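Sequence lines, in order, name chains A and B. All the letters of the first sequence, read from the start, carry residue numbers 1 to 232 under the numbering used here. All the letters of the second sequence, read from the start, carry residue numbers 1 to 380 under the numbering used here.
Keep in mind the hints are simulated off the structure, nothing from the lab. This structure is a prediction, so every number in the text was calculated from the model and none was measured. Check before you lean on any hint, since a few could be wrong.
Ranges of calculated distance between the beta carbons of each label pair, as one might list FRET restraints [claimed, not checked]: (1) Asp-231(A) / Pro-198(B): 16 to 26 Å; (2) Gln-45(A) / Ser-140(B): 57 to 67 Å; (3) His-283(B) / Asp-194(A): 23 to 33 Å; (4) Val-211(B) / Thr-47(A): 39 to 49 Å; (5) Arg-119(A) / Leu-45(B): 57 to 67 Å; (6) Ala-223(B) / Ser-113(A): 41 to 51 Å; (7) Ser-18(A) / Ser-140(B): 48 to 58 Å; (8) Thr-49(A) / Ser-228(B): 52 to 62 Å.
The beta-carbon is built from N, C-alpha and C at its ideal position, and this holds for glycine as well.
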Amino acid sequence: MTTTTTDRVSSTPANTASLADRLAEVWIELEERLGQVPVLSRLAQGTVTLDDYQRLLFNLRQQVVDGSPWISRAASNFDIDHFELRAAAIRHAEEEHRDYLMIERDYVAVGGSLEDLRRGRKNVGSEALSGYMFHYADHPNPVGLLGAMFIIEGLGAKRAAGWASRFQEVLGLADSQVRFMTYHQEADSAHTGDLEAILTSGLIDDAAADEIVRCAQVVARLYALQLEELDR
Amino acid sequence: MGTTATAYLTGFGRYLPGEPVDNDGIAARLGGEDRVTERIRRRVLDANGIRQRHYALDEHGEPTELNEELAVKALHAALDDRGVAASDLRMLACATTMGDVLVPGFASMVHGRLGGGPMQVLSASGVCASSLAALDAAVSKIRLGDHPRAAVVGSELASRSLRQRRFDGIRSGMDSHFLRWMLSDGAGAVVVEFQPHPSKPSLRVDWIRQVSLAHEHEVCMRAGMAGSAPAVGGTWQDVAIAEAEAQGMFQLRQDVSMLDDLARAGIAQFEELVDIGLIDVRHLDHVVCHYSTNAFRDVAFEALRRRIPTLDTDRWFSNLETRGNTGSASIFIALEEAWHSGRFAPGETVLLAVPESGRFSFAFAHLTVVAPPDQQGVST
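Turn these sequences into a full structure, and let the hints guide you.
Here it is, written out as structure tokens:
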């Protein structure tokens, strides 16, 4: 086992593929993994319960409250040569820092207790994800976080609304009970548009591209872990 | 168009104060033992068909409970039936004809006594159909996804207005005697949620309709004014209390000559619901109908049977004869008894019908019995 681990870590990805192609590959891998996540496969099969939805919101909320803080921290670590990225991060942090309130309203609207929700702690996947993000945001010019954004915003833009309408379909929920997930389709689509503009702007050199892909891989794995480890 | 949730009735409760009072026990509570009153009472009772009822009055005619207490006891019964607590509610909608006090609103008082946490409250005033107006409000908020769980209660303590002291020295006609020997006390409640009961059947609310025809009808049932139309300076709030009492403003009165019109109008409303397709007579299994007196039972039953030839008495439910006419509480008290009798089976539909004489209002609710989610999974 140790030898294979060493092999994996030492193998640097071939840089011949474009950044977009490399990120697309990470995305496909994430999609495959999400298909194995118990709560999402129950959602797909139509056997998901109200309790599942409440647990999902409960678990997401504990990590989403940290979303804006890590982006802000990253913003403060971009120097003046990365002014555009700093500006984008500041904007983004501002846009996101009330998002957890939407989860809280959804949670209460489906019968959850706000007090319980606010007393909750991160699951082990959320701990790992949040810890990694803060750790990475502390680096000088943490350009790799664009990879994290690619994953997190991508989930919001491409998957969340589908989850929302499937939860509505299976559990008979009103629009006002799935606001967090439906909102993210619009908001994160705008964000991913911004992100693509940055990724293709020429600001990203080969070393930065490697960082971005690596960060995307880690965040994809940890995000899935967060969904796998509900309540643990 | 947005997506809404579905509202389900998941808990049913009622509270009827004291022991049932039969026809011979009424006078002890309400008075009116003189021969003329006695004769009127017999005649009214023969017509309305009520054999027993409940009063929140002791054997001397003194009140034993507040209206808000009746409401809270029915709510507790409904919450227990569902297996939840008052702290699980986010909305409370209360219907009553007259609360215990003028201010504040009845729902505030009921919430204060019930406890639980912060919640939206609504006091629906009116008469019998205020029950379904309150239900409609709660169901709408559940459908919007604004609240996961609400409770609705209809509650009446009419007996206070029916006692002899309200009749002493006042010339009372049939308009007040008709109600005096018809109305009684009680409360009925339901729990409304956006999910069906997890392990027992529920009633899905398909629609609720309430309509007023006050634009083309005079007042039929009233209190608080001398005649049948309010006059500036002439309501109970304008004149001295003693004068208001002397004029009989504190008696509940009903213009009985208008009741045939009321029945016709109610039947026309039902016909319209059939004609616009809201009621599919081929798939209507049960009717729970509120009516004030058995005189209207046959009228309503025959009118419905004209459109639903297969309607028989097994599918028609009323407990007027044994629980009395409890105004806005009646439909919930009837629904509770019908529900717990086990006469409804999953897949069947139920129509609630509530005519209100006050100034010609009519409310209907269409419900479908749904099996608990685990059993639905098995059957499909």
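Consistency of the hints with the structure:
| no. | hint | verdict |
| --- | --- | --- |
| 1 | Asp-231(A) / Pro-198(B): 16 to 26 Å | holds (20 Å) |
| 2 | Gln-45(A) / Ser-140(B): 57 to 67 Å | violated (32 Å) |
| 3 | His-283(B) / Asp-194(A): 23 to 33 Å | violated (54 Å) |
| 4 | Val-211(B) / Thr-47(A): 39 to 49 Å | holds (42 Å) |
| 5 | Arg-119(A) / Leu-45(B): 57 to 67 Å | holds (60 Å) |
| 6 | Ala-223(B) / Ser-113(A): 41 to 51 Å | holds (44 Å) |
| 7 | Ser-18(A) / Ser-140(B): 48 to 58 Å | holds (53 Å) |
| 8 | Thr-49(A) / Ser-228(B): 52 to 62 Å | holds (56 Å) |
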